Structures are given as structure tokens and as C-alpha cells.
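Protein chains: 2
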Amino acid sequence: MDVFEAITNRRSIRAFTPEEVSKEEIEKLIDAARHAPSAGNMQPWEFIVIRDSRTKRKLSVAALNQRFLEEVPVLIVVCANELRSGRGYGSRGTTLYCLQDTAAAIQNMLLTACALNLGTCWVGAFREDDARKILNIPKGVRPIAIIPVGHSAEKPEMRFKRAVSDFVHYETYSK
Amino acid sequence: MDVFEAITNRRSIRAFTPEEVSKEEIEKLIDAARHAPSAGNMQPWEFIVIRDSRTKRKLSVAALNQRFLEEVPVLIVVCANELRSGRGYGSRGTTLYCLQDTAAAIQNMLLTACALNLGTCWVGAFREDDARKILNIPKGVRPIAIIPVGHSAEKPEMRFKRAVSDFVHYETYSK
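Order-wise, the sequence lines are chains L and H.
Under our numbering, the first residue of the first sequence is numbered 81, with each subsequent residue one higher.
Under our numbering, the first residue of the second sequence is numbered 81, with each subsequent residue one higher.
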């Protein structure tokens, strides 16, 4: 799929069919993620691939009861490895770069999923401490997103977009 | 260009030819950016498009003297609009979501640039207060990246990548 087509066709999917997602498809998403740029090439990302129903149920509760997270074949919990980014860049690494780098990796995954005809959603609303306990995530590694991956059972319209003139400025900030 | 090809072919470019970048090309990058997902569809991004040589020179100094930033046709300074993300999500909005959302928008831009045969680089190392003064950026809007856009004068190799087994975990965090 053309890159611009993937960028514009991607939607946030919250309803899935029971159809499975293959190991090869997950590997393709991970491969896309690892090609994201990162500050100082630190690659400060960790991915936890979850198929276990009990774990998905617990995570859906940690995600403020977003129950669609337990009805999807796979969850990928993305973590920012603060230790890696902090090593070279101190607090700018732990509070900015590792969040940006993991976000770029996630976006690569979402676009690749779209090209593979898989549905995904970027879930940021969850209790990090609960996710940490459920998945045994050590200190210095921070869970920052839960990505459900499955086959879409819905076709959402494009959401409202801000007018370009509202957020593009020339030469200097204009508002 | 195929989305996976763009993801794997993209490189960080720090040397540019003098060839111009058209208004249409910049508009295409912005259009890609605005299709990124964002928490609650807040679209907490602002883009400042800069062609003025004096401004580029000042920004290159603010960016710890990364002089290639003054030798590129266009700089795009990306800002996170903390006011928008904070409105619905408080401190999680201002310190996490708006950084992730703008990062996803940037990654869309970098991939689209790659497909347009333009070179880019994600520059995060700069003094934010200096950039804020140079560009007259108001409080509540935070400059978080400088993206040079031009035609590449180099062909960097792919950087070293961590082994997949080092950062992919199954069911629970494994190290």
C-alpha cells in the first residue's frame, strides 16, 4: 500500500472480528517499529506481545474498563526504556526523547497494520502502575501505550480535522 | 512509494543540495502530519515553516550549533500545543499525549518526505527557550522538534539495530 494512502486510510479501530492474527503479521509490525528513528540511535523501545485472555482482561480493566481490549486477538504493550535514553541525554532523554522515539515506532506499526488490512488503536488511557504489575515491567521501563491488533469489524469515518491555516505558521508563530 | 519501503528506506539526512523545496511539497508533508492519530482527536500540533536565512541561522545556533540547519531550504519547527491536550487530560495530556501525538505527526512527515525523495532529520537537541524567543512562540505551546527538509546530498547506511529478541517480550516482560 502506498505510504500516503496508509497515512490517510488509517483509523482507530475498537471493534474486531474473532479472526486470528498470525505470528508473521506481528513480526512485520515489530520490524516496522524497529525502523523508527531514535535520538542517538538509542532505540529505547520494548514490546510485549500478549495473546493470553486473562492478561488481556486485566489490561482492559487497567485501561479504565475499555472492554474492547479483551476482545481482540493480540495486544502489544509498548514501553519506553528510560534507562537507554537517560544514559546519553539525562532528563531530556527520559521525559522527551524516549516518548517521541516510541511514538514514532508506534506510528510505523499502525501504518504497516493498515497496509496489512489489520485494525489497531492507540490506547494511552490506562493506569501505568497496574500495567506494570500485570506484566512484571521493571523500574526504568515505562509502559506508554497499549495497541490492540485484529481484523476490523467497523469502518469509522475520518474524524474532524483542524483547518490547516489554524496550525501552520510561516516564519514565526502567528497567533 | 510502498509504506514498508518508506519505513525501511528513511534515513536521517544532514547534508543537502541547494535545490529548492516547493510549496506543494511542504503542503503534502503538512497534510500527512495532520492525519496522525491524537488522544481525543485533540490534534495538539503547530508547525512553523521557515525559509528565512537569518531565522535558520539563529535556530542552528539554538540547536547547539548544528550548522547543517542553516544550509537547508526549509526548516519546520514542530510544536506541541499543551493547552489543547491539557484541556481534556490534565498533566497526562501535557507531558505524554501531546508529545506522542506530535511525534506521530512528525513520523508521517518523514515517511512522506522519503516517498517524495526529500531528505529530513528529526532534530530534538536544541534550547527550547531560545527557539521560543526566535519564533515568538507563546506560553502553552512547546517547540519539540526541528525538521530540516531538502534534497539529500548523502546516502547514509542503515544504522545498527538492536536484535528483535532483545526488545520483544511475550505475555510478560522477560528480562
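The hints are simulated quantities; they were obtained by calculation from the structure and are not laboratory data.
In this text, all values refer to a predicted model and were calculated from it rather than measured experimentally.
Ideal Cβ positions, reconstructed from N, Cα and C, are used throughout, including at glycine.
Hints should not be assumed to be uniformly reliable.
Once the Cα atoms are required to be at most 20 Å apart in a straight line, the calculated PhoX-like pairs of lysine-lysine come out as [as the list claims (entries may be wrong)]: (1) H/LYS241 / H/LYS136; (2) L/LYS241 / H/LYS108; (3) H/LYS138 / H/LYS241; (4) H/LYS108 / L/LYS108; (5) L/LYS241 / L/LYS138; (6) L/LYS138 / L/LYS108.
With the Cβ distance kept under 7 Å, some of the chain H side facing chain L (calculated, not the full set) [unchecked claim]: (7) GLY120; (8) TYR177; (9) GLN180; (10) ALA183; (11) ALA195; (12) LEU215; (13) ALA233; (14) GLU234; (15) PRO236; (16) HIS249; (17) TYR253.
Quick rundown of the hints versus the structure:
no. : hint                : in the structure
1   : H/LYS241 / H/LYS136 : violated (32 Å)
2   : L/LYS241 / H/LYS108 : holds (15 Å)
3   : H/LYS138 / H/LYS241 : violated (34 Å)
4   : H/LYS108 / L/LYS108 : violated (27 Å)
5   : L/LYS241 / L/LYS138 : violated (34 Å)
6   : L/LYS138 / L/LYS108 : violated (26 Å)
7   : GLY120              : violated (9 Å)
8   : TYR177              : holds (6 Å)
9   : GLN180              : holds (4 Å)
10  : ALA183              : holds (3 Å)
11  : ALA195              : holds (5 Å)
12  : LEU215              : holds (5 Å)
13  : ALA233              : violated (19 Å)
14  : GLU234              : violated (16 Å)
15  : PRO236              : violated (11 Å)
16  : HIS249              : holds (5 Å)
17  : TYR253              : holds (5 Å)
When the structure is compared with the earlier hints, violations turn up for hints 1, 3, 4, 5, 6, 7, 13, 14 and 15 and for no others.
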